[in-house]
Amino acid sequence: MWFFSSEEKELQKVCRDFAAKELAPKAQYHDEKESFNLAAFKKMGEIGVLGITASADYGGAGLGATAATISMEEFGRACASSTLSYLAHTILCVNNIQNNASKEQKEKYLPKLISGEWVGCMGMSEPEYGSDAVGIQTKAVSVGDKYRITGTKMWITNATYADIAYVYTRTGPEKKNLTTFILEKNKKQFAAGKAIHKMGMRASPTGELIFDNSEVEISHRVGKEGDSIYHMMKNLELERITISGISLGLARACVEQCVKYANERKQFGKTIGNYQLIQKIIAEMSAEYEMMRCFLYSVAKEYDKGNKGPTVAAQVKLAIPKIATKIALDAIQLHGGYGYSREFPVERYLRDSKLMEIGAGTNEVMIMIIAKNLLKTAQTI
Amino acid sequence: MSEERLQLESQLCEEIKKFTKKNIWPEASADDEKQIFRKEIYQKLGDLGIAGMTTSEKYNGMGLSYQSYTRALSEVARASVAYAVTLSVSGMVQNIISQFGNNSQKEKYLSELAKGQEIGAFALTESNSGSDASALKSTAKKTKGGYLLQGSKIFITSGGVAKTYIVMARTGEEGAKGISAFIVTDGMKGFSYGKKEKKMGWRVSPTTELIFNQCFVPKENLLKEEGEGFEIAKAALDPGRVTIGAISVGLAKEAFYQAFKYANERKQFKKPIIEFQAIEFMLAEMNMEICASELLVAKACELLDQIKASKKNNEILKNTFGKYASMAKVKASDTAMKVTTDAVQILGGVGYTAEYPVERFMRDAKVLQIVEGTNQIQRGLIARYLKSEILG
Ligand SMILES: Cc1cc2nc3c(=O)[nH]c(=O)nc-3n(C[C@H](O)[C@H](O)[C@H](O)COP(=O)(O)OP(=O)(O)OC[C@H]3O[C@@H](n4cnc5c(N)ncnc54)[C@H](O)[C@@H]3O)c2cc1C
Ligand SMILES: Cc1cc2nc3c(=O)[nH]c(=O)nc-3n(C[C@H](O)[C@H](O)[C@H](O)COP(=O)(O)OP(=O)(O)OC[C@H]3O[C@@H](n4cnc5c(N)ncnc54)[C@H](O)[C@@H]3O)c2cc1C
Numbered sequence: 023m024w025f026f027s028s029e030e031k032e033l034q035k036v037c038r039d040f041a042a043k044e045l046a047p048k049a050q051y052h053d054e055k056e057s058f059n060l061a062a063f064k065k066m067g068e069i070g071v072l073g074i075t076a077s078a079d080y081g082g083a084g085l086g087a088t089a090a091t092i093s094m095e096e097f098g099r100a101c102a103s104s105t106l107s108y109l110a111h112t113i114l115c116v117n118n119i120q121n122n123a124s125k126e127q128k129e130k131y132l133p134k135l136i137s138g139e140w141v142g143c144m145g146m147s148e149p150e151y152g153s154d155a156v157g158i159q160t161k162a163v164s165v166g167d168k169y170r171i172t173g174t175k176m177w178i179t180n181a182t183y184a185d186i187a188y189v190y191t192r193t194g195p196e197k198k199n200l201t202t203f204i205l206e207k208n209k210k211q212f213a214a215g216k217a218i219h220k221m222g223m224r225a226s227p228t229g230e231l232i233f234d235n236s237e238v239e240i241s242h243r244v245g246k247e248g249d250s251i252y253h254m255m256k257n258l259e260l261e262r263i264t265i266s267g268i269s270l271g272l273a274r275a276c277v278e279q280c281v282k283y284a285n286e287r288k289q290f291g292k293t294i295g296n297y298q299l300i301q302k303i304i305a306e307m308s309a310e311y312e313m314m315r316c317f318l319y320s321v322a323k324e325y326d327k328g329n330k331g332p333t334v335a336a337q338v339k340l341a342i343p344k345i346a347t348k349i350a351l352d353a354i355q356l357h358g359g360y361g362y363s364r365e366f367p368v369e370r371y372l373r374d375s376k377l378m379e380i381g382a383g384t385n386e387v388m389i390m391i392i393a394k395n396l397l398k399t400a401q402t403i
Numbered sequence: 010m011s012e013e014r015l016q017l018e019s020q021l022c023e024e025i026k027k028f029t030k031k032n033i034w035p036e037a038s039a040d041d042e043k044q045i046f047r048k049e050i051y052q053k054l055g056d057l058g059i060a061g062m063t064t065s066e067k068y069n070g071m072g073l074s075y076q077s078y079t080r081a082l083s084e085v086a087r088a089s090v091a092y093a094v095t096l097s098v099s100g101m102v103q104n105i106i107s108q109f110g111n112n113s114q115k116e117k118y119l120s121e122l123a124k125g126q127e128i129g130a131f132a133l134t135e136s137n138s139g140s141d142a143s144a145l146k147s148t149a150k151k152t153k154g155g156y157l158l159q160g161s162k163i164f165i166t167s168g169g170v171a172k173t174y175i176v177m178a179r180t181g182e183e184g185a186k187g188i189s190a191f192i193v194t195d196g197m198k199g200f201s202y203g204k205k206e207k208k209m210g211w212r213v214s215p216t217t218e219l220i221f222n223q224c225f226v227p228k229e230n231l232l233k234e235e236g237e238g239f240e241i242a243k244a245a246l247d248p249g250r251v252t253i254g255a256i257s258v259g260l261a262k263e264a265f266y267q268a269f270k271y272a273n274e275r276k277q278f279k280k281p282i283i284e285f286q287a288i289e290f291m292l293a294e295m296n297m298e299i300c301a302s303e304l305l306v307a308k309a310c311e312l313l314d315q316i317k318a319s320k321k322n323n324e325i326l327k328n329t330f331g332k333y334a335s336m337a338k339v340k341a342s343d344t345a346m347k348v349t350t351d352a353v354q355i356l357g358g359v360g361y362t363a364e365y366p367v368e369r370f371m372r373d374a375k376v377l378q379i380v381e382g383t384n385q386i387q388r389g390l391i392a393r394y395l396k397s398e399i400l401g
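First to last, the sequence lines map onto chains X and H. So the mapping is simple: our numbering equals the position in the first sequence, first residue as 1, plus 22. So the mapping is simple: our numbering equals the position in the second sequence, first residue as 1, plus 9.
No lab work stands behind these hints, which were simulated from the structure alone. Keep in mind that a hint or two might mislead.
Below 20 Å or equal to it, Euclidean Cα-Cα: the simulated SDA-like pairs (lysine to any residue) are [claimed, not checked]:
| id | chain 1 | residue 1 | chain 2 | residue 2 |
| --- | --- | --- | --- | --- |
| 1 | X | 394 | H | 278 |
| 2 | X | 197 | X | 154 |
| 3 | X | 292 | H | 138 |
| 4 | X | 134 | X | 121 |
| 5 | X | 288 | X | 337 |
| 6 | X | 198 | H | 279 |
| 7 | X | 288 | H | 384 |
| 8 | H | 276 | H | 266 |
| 9 | X | 394 | X | 337 |
| 10 | X | 125 | X | 137 |
| 11 | H | 43 | X | 219 |
| 12 | X | 55 | H | 269 |
| 13 | H | 280 | X | 292 |
| 14 | H | 207 | X | 52 |
Here's a subset of chain X near chain H, in silico, CB distances under 7 Å, partners left out [claimed, not checked]:
| id | residue |
| --- | --- |
| 15 | 149 |
| 16 | 153 |
| 17 | 156 |
| 18 | 218 |
| 19 | 219 |
| 20 | 220 |
| 21 | 292 |
| 22 | 296 |
| 23 | 363 |
| 24 | 386 |
Beta carbons: idealized from backbone N, C-alpha and C, even for Gly.
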């Protein structure tokens, strides 16, 4: 984008090269095997993106939402599911610690998370509380100078590989009595349940986090009791902007792959790019990609300038993933029978795309947030 | 509609439901993941009488209408699109042999297909000719007592598990008029199977490459005359499209049913999620689209049954049927895609996992918009049918 800083442009190049070298060649393999590309994850540590928004004091890159979104797009274009794991680590875990944890906690956890030595995850959702995240029931009960945590988190990206989990718990009867802990696998403060088999995002392990009366010292608590509802809402804004970057990357991959195929594939004596119905698919998806790109990066830039807002983050998250799924459906259609075969990547793009309409708040939850905020303020746009 | 027919259909659907519940549902997800096709399931579906529903009773078929047949197919598709397409393609092969075969060909091939003991497959597509099917390059060279087939076919449903293949190959000039249709059977010398596709969906149904290397096919396996192959394929594809429509309807119905059930059970914010308008309206819309598709499929079947019953060659009726067949295929498959995608959305996180079937439904839906003529190609056909309908 014309308004990227030189640093952001440089990052874009680094991420693009990295994705071509480390992610793209293995994307199909890990999708098929439903396995995690741990080697690539470790190497993300080497290029310095695992703490993309974290402070340089702890080894982070000290960059903002724009930069993070750039990395999501570039990685997402090559392997969306590795990117989802990267997002869970760097935005859901590292960024939360950076923003909300104490200096001691940051010193303890961030360097190893940012170097890639440790894998991080974030546990909010539970089997009975997904959209209604504020209703979560995993309990942390204070006993002397310790807490005992009991409950189960569901759908946790990286659960089965995580060394560190950033976990929301309930510490009181009122809705807003939510408190966060940073938990360590080494100390057996959580266990991972079985891996969940999925339609897409298959290279990103998803699983349960189980707390069976885990004993946790108070030093693992983030902030004060009851602080978490605010932390949660604030981080969700960045999450929604950056996860839309994965959709953007997938959409770009679709456009590029379609243009290539339409120039190669011949039917009725002509390359199919000659037919108006194919031209329509390509023209529309490219226009939609450009529209999404401008929207997403301009929102990210505003966010970096401090013009934050849950409404616009939800608008991004409502608009972009939906269009990306449609683009992926069209990309398969454009490839005909070949599009349905695993030899071409477009069917994977579709399976991966759908997740962004569900994770980090479903489309319907975005509608609720946007409508609530717009109706409440009743301001002109 | 006759009372009797409706009763028979309902009874059959009940039996299919019972059968699929016991035999298909339990392994559906695991078989999908591992791409396993079970011939014994197909054969048992045959025992229910649905492998040759429109084939004459003389050849062990049921001699029923397309209206009944498509209802049964929809019912199978609710549990498994893969077995439903196996039935549909095998039905298409019987249809071709019934319509274009001579008596000895009918005697020889129809019964075992109609009973469901064996499976039929239809081989038209090649790597460089999909939509442009008449550009196919496989050849059949005349030799003593028959033909030598040379070339390969890709994306062939039931390749490797079928016994009887209708294969289109070139015996003459370029273009549609140089194509002939042959009956090729499993085990013929020079006929082998190439790679089996790994696919997004329809994973239980094998999709395979067929390879012909100087494969000798006796002349009695030629259908009709040389050069009639493409007309035969076209005549089979119209009813084929209606069956794809019916399968789409079945798939969409099951996806809707699962989503509806879940929306009534799942609570968030202390209410069943169906009480939120976003979900409620989505479900209403889904059902509306399904009903519209079902009606189009039924209309196409009615016209087809009329054509089959009439002794005269009625070009206007055929044209109208062709239009409805294409429309039913496009509308129903587009609906299946949309409804299955919405079903995943309604189930949220669990919808995305293999623990619930809706993600499989979504994967199974996509190719319905591609096979038997892509939905783009159908639009071209519809416009052509409209031209003769309106301008004569
Ligand atoms: C691959 C994957 C990775 C994930 N990673 C993480 C992670 O790392 N950490 C984490 O904490 N969570 C994670 N999640 C969980 C994700 O955030 C939830 O799945 C999501 O919030 C939806 O919750 P749910 O699945 O319980 O669906 P539900 O909330 O049960 O929703 C079901 C349906 O009801 C609709 N609905 C619910 N309430 C309303 C309403 N009021 N109005 C209208 N419609 C409504 C929803 O939109 C949806 O269509 C992940 C999920 C997946 C699938
Ligand atoms: C699971 C599966 C099962 C199948 N089973 C069988 C089978 O049993 N037997 C069999 O013979 N075949 C079978 N096929 C093949 C199927 O019929 C073809 O894939 C289909 O006809 C499309 O051909 P294609 O894949 O070569 O796509 P192409 O023809 O290459 O089409 C690519 C794209 O170009 C578009 N296009 C092409 N021409 C035009 C045009 N003139 N105007 C506008 N757009 C155009 C198409 O709509 C499509 O979007 C199967 C395919 C699959 C995936």
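Against the structure, the hints come out as follows:
1. Between residue 394 of chain X and residue 278 of chain H, the direct Cα distance comes to roughly 15 Å. Compliance with the 20 Å bound is thereby established for this hinted pair.
2. Between residue 197 of chain X and residue 154 of chain X the alpha-carbon distance is near 11 Å, which keeps this suggested pair within the 20 Å criterion.
3. Taking the CA atoms of residue 292 of chain X and residue 138 of chain H, the gap is near 12 Å; set against the 20 Å cutoff, the hint holds.
4. With a C-alpha separation of about 17 Å, the suggested pairing of residue 134 of chain X with residue 121 of chain X holds against the 20 Å cut-off.
5. Restraint check for residue 288 of chain X and residue 337 of chain X: the C-alpha separation of about 40 Å exceeds 20 Å, so the hint is violated.
6. Restraint check: the Cα-Cα separation between residue 198 of chain X and residue 279 of chain H comes to about 16 Å, which is no more than 20 Å; the hinted pair holds.
7. Between the alpha carbons of residue 288 of chain X and residue 384 of chain H the distance comes to roughly 18 Å, so the proposed pair stays at or under 20 Å and holds.
8. Using a Cα cut-off of 20 Å, the hinted pair residue 276 of chain H and residue 266 of chain H holds, with the two alpha carbons roughly 17 Å apart.
9. Restraint check: the Cα-Cα separation between residue 394 of chain X and residue 337 of chain X comes to about 12 Å, which is no more than 20 Å; the hinted pair holds.
10. For the proposed pair residue 125 of chain X and residue 137 of chain X, the alpha carbon gap of about 18 Å is at most 20 Å, so the pair holds.
11. Between the alpha carbons of residue 43 of chain H and residue 219 of chain X the distance comes to roughly 13 Å, so the proposed pair stays at or under 20 Å and holds.
12. For the proposed pair residue 55 of chain X and residue 269 of chain H, the alpha carbon gap of about 32 Å is over 20 Å, so the pair is violated.
13. For the suggested pair residue 280 of chain H and residue 292 of chain X, the alpha carbons sit about 56 Å apart, so the restraint of at most 20 Å is broken.
14. Simply put, residue 207 of chain H and residue 52 of chain X have alpha-carbon atoms about 15 Å apart, close enough for the 20 Å limit, and the pair holds.
15. Hint status for residue 149 of chain X: violated, given a least beta-carbon distance of 9 Å to chain H, over 7 Å.
16. A distance limit of 7 Å between C-beta atoms decides the matter here; for residue 153 of chain X the minimum to chain H is near 5 Å, and the interface restraint holds.
17. Evaluation of the residue 156 of chain X hint against chain H yields a violated restraint, the C-beta minimum of about 9 Å exceeding 7 Å.
18. With a least beta-carbon distance of about 5 Å to chain H, the hint placing residue 218 of chain X at the interface is held under the 7 Å criterion.
19. Hint status for residue 219 of chain X: holds, given a least beta-carbon distance of 4 Å to chain H, under 7 Å.
20. Hint on residue 220 of chain X holds. Least Cβ distance to chain H is approximately 5 Å, under the 7 Å limit.
21. A distance limit of 7 Å between C-beta atoms decides the matter here; for residue 292 of chain X the minimum to chain H is near 9 Å, and the interface restraint is violated.
22. With 7 Å as the threshold, the beta carbon of residue 296 of chain X stays out of range of chain H, its nearest partner Cβ sitting at about 12 Å, so the hint is violated.
23. The closest approach between the C-beta of residue 363 of chain X and any C-beta of chain H is roughly 5 Å, which is under the 7 Å cut-off, so the hint is satisfied.
24. For residue 386 of chain X, the interface hint holds, since its Cβ comes within 7 Å of a Cβ in chain H; the closest pair sits about 4 Å apart.
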